Amino acid sequence: MALTGVLRPGHAQVRVLNLEESVRFYRDVLGLVETGRDAQGRVYFKCWDERDHNSYVIREADRAGIDFFGFRVLDKATLDKFDADLRAYGLATERIPAGEMLETGERVRFTLPSGHVMELFADKTKVGNGIPLVNPAPWCKARDHGIAPIRLDHALLYGPNVAEVQKIFTEVLGFYLVERVLTPDGNANAAIWLSCGQKVHDIAFAEYPEPGKLHHCSFLMESWDQVLRAGDIMSMNQVAVDIGPTRHGVTRGCTIYAWDPSGNRFETFMGGHLPYPDYETMTWTFDNFGQGLDYPQRKLHETFLSVVS
Amino acid sequence: MAHTVSIEDADVRYACAPQESLLSGLHRLGLRGIPVGCRGGGCGVCKVEITEGEFSTRTMSRDHVSDDDLAHRRLLACRVYPSSDLSLKVIGKLQKKVCTPADRPLP
Ligand code: FES
Ligand SMILES: [Fe+2]
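Order-wise, the sequence lines are chains P and H. Using the working numbering, you'd call the opening residue of the first sequence number 1 and step up by one each time. Using the working numbering, you'd call the opening residue of the second sequence number 1 and step up by one each time.
It should be emphasised that the hints constitute simulated quantities derived from the structure, not laboratory data. As the structure is a computational prediction, the values presented were derived from the model and not from experiment. Note that the Cβ used here is the ideal one computed from N, Cα and C, for glycine as well. Treat the hints with caution; some may be incorrect.
Just a few of them, taken from the derived set where beta-carbon distance is under 10 Å, the chain H residues facing chain P [said to hold, decoys possible]:
id, residue
1, Tyr14
2, Pro18
3, Leu31
4, Val36
5, Arg39
6, Gly40
7, Cys43
8, His64
9, Tyr81
10, Asp85
Far from chain P, by Cβ distances over 10 Å, these chain H residues were calculated [as the list claims (entries may be wrong)]:
id, residue
11, Met1
12, Asp9
13, Ser61
Here chain P stands alone, though its shape is the one from the complex (with noise of 0.2 Å):
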C-alpha cells in the first residue's frame, strides 16, 4: 500500500456565535449531514460522500475561530509512532481519551508554533455514505441537498512561524511542499501548501502576526458546475461572499470563498493539478501573488490578506 501515515483531513472543530443558525446554515445551506450532538452542546457534521461518522464539528463560544483540525492516520500502531515522532522533535502532545469526541477513538493533540492545535487520530466510526457497499449507486438522495459537497478538503491557516510549521509537517509528519508564495523579499515563505497524499493540499499555513487564525476550511465540490451551483445557494440564501466563483493560480483550484454566520470563512473547492511527493515545489514571487489567489482576475483581494477568525 502506498499510502501510509497521514491519510487525511479528517475533522475540524469550529466556534459559532449562535448554535441554531450555525446548525440551519451548515446543514440546509451548506448542506452537511447532521450526525450527533454531544453532552457539551457541540453538533456534529459530515459531508455525505464521507464515510466516518464526523469530519466537522461545530461548538457555540463567545468567539468565532478554529478549536482545532485533526487528520486521520492509518492505524493505531501509526498513531504512537508519531506521538513518539513528535515528542523527540520537542513537541508537548497530550492524549485525548476515545469517546471525548462522539464515535471517535483515542486522539494525539499537540500545538504547531503557529499557535493551532492538531490533532491525529486513528479510529473514527465508519456510519458509511448513504449509498451500499455492495452494488453502489454515483449518488444518493444526500447530494442534492443544500450545496451539499463531499468531503473536508483542506484547511488554510494564518499565524507565526510558517517555516518552523513547514519543517514538523515534512519532517516529522511525512508531507511535501506542494507550493509557496515567497515573502516581498524573497528569503522566506508567505504562505505554503503542503500535501500528505496525491491531492494538491491537505492543509495550508500563511505568515501572520497573531496565532492560531482561521482563514478557511475547505469543502470538496465535485464540479466547477457545482461550485456555480454552490454560489447560486450562497446568493438565495444570502450569505456573506468574499471571493468568487473563479480558479486560484496556486493549486489550480476552482473556488468560492464565503463566510458562515459567525465570521468563520469557508471555501467551496473543486479540482487542483495532481501532485506526486517526488515532485519539486512550485513557487510563486510575492508580486505574482494576486494571480496565485485569483487567476483571471489577477487580483489580491484585500479580505484575503486581512479577514480571519
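Fit chain H with the ligands to the given chain P structure using the hints.
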C-alpha cells in the same frame, strides 16, 4: 423607518433601516467607509465607535470586543442595528485604509 447614520471625519451620511446592520446599510448604497469583511461579527475589521444614538446588537466575537469596548460602545458595525439616528467613528484595524478610493492599489 430608516435612520440617518453619520460617519464622523469622513463626511458620509446614509440611511439605514432598523433591521439592517450599520455595515450593510453602507454597503447597500455602494459607499465605502467601514471595511467590509465577514459580516458575521467574527473578524473584527468593521469596528466602529458609536458616538451618538440608540441601537440594538447581535452577538459579536469577544476576540474583537472587550468589556471596555462594550462600555465605550466600540462595536462591530455588521452586528449593530440602529434604533435612532446615529453617529460613529471608524476604529477597526483597517482604519488607515478607510475612506480612500476603491481602486487604491494594494501595498
Ligand atoms: S465584517 Fe467581520 S466582524 Fe463585521
Ligand atoms: Fe482553500
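We went through each hint and held it up to the structure:
no.	hint	result
1	Tyr14	violated, 19 Å
2	Pro18	violated, 18 Å
3	Leu31	violated, 17 Å
4	Val36	holds, 8 Å
5	Arg39	holds, 4 Å
6	Gly40	holds, 4 Å
7	Cys43	holds, 5 Å
8	His64	holds, 8 Å
9	Tyr81	violated, 15 Å
10	Asp85	violated, 26 Å
11	Met1	holds, 22 Å
12	Asp9	holds, 21 Å
13	Ser61	violated, 4 Å
Of the numbered hints stated above, those contradicted by the structure are hints 1, 2, 3, 9, 10 and 13, listed in ascending order.
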